[in-house]
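*Asks:* The primary structure of each chain is shown beneath.
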Amino acid sequence: MIVAERKPFDEILSMIGNARKVLILGCGSCVTVCMAGGEKETQLLASTIRLSDKKQNITRELRCATIERQCDKEFFAAVANDVKWADIIVSMACGVGVQFCGEVFTDKEVVPALNTKFYGATVEQGVWSERCVGCGDCVLFKFGGICPIARCSKSLLNGPCGGSQNGMCEVDPENIQCGWQLIYDRMAAIGRLDLLEQNQPLKNWSTGRDGGPRRVVKEDATL
Amino acid sequence: MSGLKSESNFEKLLAANQFVVTGELGPPKSADSTVIREKAGYLKGRVDAVNITDNQTAIVRMSSIAAGTIALQEGVEPVIQITCRDRNRIAIQSDVLGAYAIGLRNILCLTGDHQTFGNHPTSKNVYDMDSIQLVRMLKDMRDEKRFACGDEIRNGKNAPIVEPRIFIGAAANPFADPFEFRVIRLAKKIAAGADFIQTQCVYDMARFKEWMKQARNKGLHEKVKILAGVTPFKSVGMAKYMRDKVAGISVPDYYIERLSAAEDKAAEGINICVEQIKELREIEGVAGVHLMAIEWERRVPEIVERAGLLPRPSVK
Numbered sequence: 001m002i003v004a005e006r007k008p009f010d011e012i013l014s015m016i017g018n019a020r021k022v023l024i025l026g027c028g029s030c031v032t033v034c035m036a037g038g039e040k041e042t043q044l045l046a047s048t049i050r051l052s053d054k055k056q057n058i059t060r061e062l063r064c065a066t067i068e069r070q071c072d073k074e075f076f077a078a079v080a081n082d083v084k085w086a087d088i089i090v091s092m093a094c095g096v097g098v099q100f101c102g103e104v105f106t107d108k109e110v111v112p113a114l115n116t117k118f119y120g121a122t123v124e125q126g127v128w129s130e131r132c133v134g135c136g137d138c139v140l141f142k143f144g145g146i147c148p149i150a151r152c153s154k155s156l157l158n159g160p161c162g163g164s165q166n167g168m169c170e171v172d173p174e175n176i177q178c179g180w181q182l183i184y185d186r187m188a189a190i191g192r193l194d195l196l197e198q199n200q201p202l203k204n205w206s207t208g209r210d211g212g213p214r215r216v217v218k219e220d221a222t223l
Numbered sequence: 001m002s003g004l005k006s007e008s009n010f011e012k013l014l015a016a017n018q019f020v021v022t023g024e025l026g027p028p029k030s031a032d033s034t035v036i037r038e039k040a041g042y043l044k045g046r047v048d049a050v051n052i053t054d055n056q057t058a059i060v061r062m063s064s065i066a067a068g069t070i071a072l073q074e075g076v077e078p079v080i081q082i083t084c085r086d087r088n089r090i091a092i093q094s095d096v097l098g099a100y101a102i103g104l105r106n107i108l109c110l111t112g113d114h115q116t117f118g119n120h121p122t123s124k125n126v127y128d129m130d131s132i133q134l135v136r137m138l139k140d141m142r143d144e145k146r147f148a149c150g151d152e153i154r155n156g157k158n159a160p161i162v163e164p165r166i167f168i169g170a171a172a173n174p175f176a177d178p179f180e181f182r183v184i185r186l187a188k189k190i191a192a193g194a195d196f197i198q199t200q201c202v203y204d205m206a207r208f209k210e211w212m213k214q215a216r217n218k219g220l221h222e223k224v225k226i227l228a229g230v231t232p233f234k235s236v237g238m239a240k241y242m243r244d245k246v247a248g249i250s251v252p253d254y255y256i257e258r259l260s261a262a263e264d265k266a267a268e269g270i271n272i273c274v275e276q277i278k279e280l281r282e283i284e285g286v287a288g289v290h291l292m293a294i295e296w297e298r299r300v301p302e303i304v305e306r307a308g309l310l311p312r313p314s315v316k
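If you read the sequences in order, they're chains V and L.
One point on numbering: in this note's numbering, the residue at position 223 of the first sequence is 223, and numbering is uninterrupted.
One point on numbering: in this note's numbering, the residue at position 119 of the second sequence is 119, and numbering is uninterrupted.
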């Protein structure tokens with residue numbers, strides 16, 4: 001899923017500025033799972049704004065709504081009336097949802113309440129971690145199913161640098177595991193260390209973001 | 001001498017099986033060339049080649065090619081360090097052409113310290129390639145006379161091919177983890193085309209000897225020239241810093257104790273360094289030492305002399 005976390009409250013407040021009718025729009029998919037922008041989080045943000053407004057003697061109306069997904073246009077119809085009412089939409093979706101919201105409601109200001117972080121997974125209650133960077137040319141079969149591009153701080157393809165110690169990465173030895181230690185251990189466990197002895201050539205990055213904004217067309221699904 | 005890959009004097013010495021000594025010169029954190037000339041003065045005639053670091057620890061310094069060119073003018077043969085952190089394949093190949101055209105003959109290929117350690121932690125890194133791929137790219141430029149894209153290295157259809165004939169080096173760190181992978185990685189660097197290897201500074205002699213044994217078991221010492229890295233301790237604080245803060249460096253406690261007990265810490269640091277060089281020289285497969293006297297270039301003459309490495313051999 002796409003993992004995100006809420007922006008600092010003051011930053012959100014400054015984006016809202018003088019808007020007096022605010023629609024806080026949650027998203028029911030990834031950001032609900034990672035507890036950043038689902039229904040519960042829209043209510044929490046609304047309460048925090050109300051509290052702050054009360055202290056500052058600001059009169060402001062807030063509405064909360066959450067749609068199934070903000071990355072599919074059809075779901076926005078459900079909130080068309082709320083959007084019409086609002087001065088501003090605070091989208092609690094990932095960056096994709098925020099942009100799509102603006103593409104649907106072209107005459108409304110849409111601001112992001114979240115910082116979109118990465119493609120990742122829940123590793124324990126309340127902890128998410130990155131697994132994929134969307135390079136567009138999956139190499140997991142070469143590395144025992146552990147991605148060196150996403151999980152090595154330097155995206156090295158031919159083994160660990162000198163900064164790997166006790167299984168941790170020197171960039172943050174408290175929190176970042178050395179991706180290459182994980183790959184090595186996994187390859188040892190599945191008896192495929194021989195794969196790691198092969199020299200990996202220069203990678204073609206053009207399938208990733210470096211090739212410019214990407215799109216996927218599935219011919220048999222188009223109208 | 002036949003079979004040489006470059007016009008590097010450093011290569012010639014290694015080919016002649018001389019026990020070589022390389023030094024290190026950190027470029028200044030300013031545009032002040034006098035710093036380079038002064039440091040080069042300490043190193044000239046005392047070492048066979050001098051590594052010019054490339055924004056080491058991700059702190060902005062004068063470019064390694066520019067500083068190396070100044071060092072060359074001062075009569076030392078530079079080993080230009082190139083990291084993968086700051087430049088993509090376009091920029092690196094361009095710089096290699098320029099470096100060769102200026103007269104630089106040795107390049108050491110490094111991954112590069114992550115930018116979070118330096119003075120621009122908010123910058124974007126590149127890592128278009130890793131150090132092993134960099135070695136291969138330089139080898140293909142030299143031996144296949146082609147750029148990474150496959151194009152020939154010539155200015156036009158009818159222009160001559162003028163390839164950069166570079167003596168190619170890589171680093172090795174026997175002290176990082178996973179230890180079992182360290183010799184595999186050395187083998188990959190050799191397979192990629194490394195002509196020489198300079199190691200991380202050796203303090204844990206037992207582990208280094210074990211790594212060398214593994215390298216010899218694979219016959220790697222006969223395929224590449226391995227220079228063992230040494231760095232003299234300037235103080236107890238430095239030794240502790242290396243032990244506790246620098247990943248991939250292993251400093252046994254007895255060095256800390258020995259330095260602590262000494263009256264003149266710097267002199268004791270040099271004593272230790274001289275002993276280390278002598279011990280490393282006895283290890284089968286060690287072709288030389290790489291003396292990294294960090295911001296202490298002025299003590300290099302003394303270390304080299306006391307280690308019995310003077311005078312340096314001349315190249316025919």
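Source of the hints: derived by calculation from the structure; they are not laboratory data.
We put the CB at the ideal spot given by N, CA and C, even for glycine.
Heads up, a few of these hints could be off.
[What the hints assert, rightly or not] Over the 12 Å line for every Cβ pair with chain L, so calculated as not near, a few chain V residues:
#, residue
1, Arg6
2, Asn81
3, Asp82
4, Asp137
5, Lys154
6, Gln165
7, Asn166
8, Gly167
9, Pro173
10, Cys178
11, Val217
12, Lys218
[Unchecked claim] Quick list of in silico lysine to any residue cross-link-like pairs, SDA-like style, CA-CA up to 20 Å:
#, chain 1, residue 1, chain 2, residue 2
13, V, Lys203, L, Asp140
14, V, Lys203, L, Tyr254
15, V, Lys203, L, Ser63
16, V, Lys203, L, Asp86
17, L, Lys213, V, Glu197
18, L, Lys124, V, Asp53
19, V, Lys7, V, Glu74
20, L, Lys245, V, Pro173
21, V, Lys117, L, Lys124
22, V, Lys203, L, Asn125
23, V, Lys117, L, Thr122
24, L, Lys234, L, Ile272
25, V, Lys142, L, Pro28
26, V, Lys203, L, Lys234
27, L, Lys44, L, Ile59
28, L, Lys139, V, Lys117
29, L, Lys145, L, Lys234
30, L, Lys245, V, Lys117
31, L, Lys124, V, Gly212
32, L, Lys124, V, Gly208
33, V, Lys203, L, Ala191
34, L, Lys124, V, Asp210
*Asks:* Each hint needs a verdict: does it hold in this structure or not?
*Replies:* Going through the hints against the structure:
1. Look at Arg6 (chain V): its CB is around 22 Å from the nearest CB on chain L, clear of 12 Å, so calling it non-interface holds up.
2. Against chain L, the non-interface label of Asn81 (chain V) holds: every CB pair exceeds 12 Å, the least being about 43 Å.
3. Listed as outside the interface, Asp82 (chain V) is consistent with that label: its C-beta sits roughly 38 Å from the nearest C-beta of chain L, beyond the 12 Å cut-off.
4. Residue-level check passed: Asp137 (chain V) sits 15 Å from the nearest beta carbon of chain L, beyond 12 Å.
5. Not every Cβ of chain L is farther than 12 Å from the Cβ of Lys154 (chain V); the closest lies at roughly 5 Å, contradicting the non-interface assignment.
6. For Gln165 (chain V), the requirement that its beta carbon stay farther than 12 Å from each beta carbon of chain L is not met, with the minimum near 5 Å.
7. Listed as outside the interface, Asn166 (chain V) is inconsistent with that label: its C-beta sits roughly 6 Å from the nearest C-beta of chain L, within the 12 Å cut-off.
8. The Cβ of Gly167 (chain V) sits about 7 Å from the closest Cβ of chain L, inside the 12 Å cut-off, so the non-interface label is violated.
9. A beta-carbon of chain L is positioned within 12 Å of the beta-carbon of Pro173 (chain V); the least distance is around 7 Å.
10. The beta carbon of Cys178 (chain V) sits about 7 Å from the closest Cβ of chain L, which is not more than 12 Å, so the claim that it is off the interface is violated.
11. At roughly 27 Å from the closest C-beta of chain L, the C-beta of Val217 (chain V) stays outside 12 Å, upholding its exclusion from the interface.
12. Every CB of chain L lies more than 12 Å from the CB of Lys218 (chain V), the least distance being 30 Å, so the non-interface label holds.
13. Only pairs whose Cα atoms come within 20 Å are accepted, and Lys203 (chain V) paired with Asp140 (chain L) is accepted, the gap being roughly 16 Å.
14. Simply put, Lys203 (chain V) and Tyr254 (chain L) have alpha-carbon atoms about 45 Å apart, too far for the 20 Å limit, and the pair is violated.
15. About 26 Å separates the Cα atoms of Lys203 (chain V) and Ser63 (chain L), which puts this hinted pair outside 20 Å; it is violated.
16. Only pairs whose Cα atoms come within 20 Å are accepted, and Lys203 (chain V) paired with Asp86 (chain L) is accepted, the gap being roughly 17 Å.
17. Note on Lys213 (chain L) and Glu197 (chain V): the hinted pairing holds, with a Cα-Cα distance of about 19 Å set against a maximum of 20 Å.
18. Between the alpha carbons of Lys124 (chain L) and Asp53 (chain V) the distance comes to roughly 38 Å, so the proposed pair goes past 20 Å and is violated.
19. Taking the CA atoms of Lys7 (chain V) and Glu74 (chain V), the gap is near 27 Å; set against the 20 Å cutoff, the hint is violated.
20. A threshold of 20 Å between alpha carbons decides the hint, and for Lys245 (chain L) with Pro173 (chain V) the separation of about 11 Å falls inside it, so the pair holds.
21. Simply put, Lys117 (chain V) and Lys124 (chain L) have alpha-carbon atoms about 16 Å apart, close enough for the 20 Å limit, and the pair holds.
22. A C-alpha spacing of about 16 Å is found between Lys203 (chain V) and Asn125 (chain L), which places the hinted pair at or below 20 Å, so the restraint holds.
23. Using a Cα cut-off of 20 Å, the hinted pair Lys117 (chain V) and Thr122 (chain L) holds, with the two alpha carbons roughly 16 Å apart.
24. Only pairs whose Cα atoms come within 20 Å are accepted, and Lys234 (chain L) paired with Ile272 (chain L) is accepted, the gap being roughly 11 Å.
25. With a C-alpha separation of about 42 Å, the suggested pair Lys142 (chain V) and Pro28 (chain L) falls outside the 20 Å cut-off, and the hint is violated.
26. With a C-alpha separation of about 42 Å, the suggested pair Lys203 (chain V) and Lys234 (chain L) falls outside the 20 Å cut-off, and the hint is violated.
27. Only pairs whose Cα atoms come within 20 Å are accepted, and Lys44 (chain L) paired with Ile59 (chain L) is rejected, the gap being roughly 26 Å.
28. Distance check on the hinted pair: Lys139 (chain L) and Lys117 (chain V) sit about 38 Å apart at the alpha-carbon level, beyond 20 Å; violated.
29. The straight-line distance between the Cα atoms of Lys145 (chain L) and Lys234 (chain L) is roughly 45 Å, outside the 20 Å bound, and the hint therefore fails.
30. With a C-alpha separation of about 29 Å, the suggested pair Lys245 (chain L) and Lys117 (chain V) falls outside the 20 Å cut-off, and the hint is violated.
31. Pair hint Lys124 (chain L) plus Gly212 (chain V) holds up; C-alpha atoms about 17 Å apart against a cutoff of 20 Å.
32. The hinted pair formed by Lys124 (chain L) and Gly208 (chain V) meets the criterion: a straight-line CA distance of about 16 Å does not exceed 20 Å.
33. Taken as a hint, the Lys203 (chain V) and Ala191 (chain L) pair is honoured in the structure, with Cα atoms around 18 Å apart against an allowance of 20 Å.
34. Taken as a hint, the Lys124 (chain L) and Asp210 (chain V) pair is honoured in the structure, with Cα atoms around 14 Å apart against an allowance of 20 Å.
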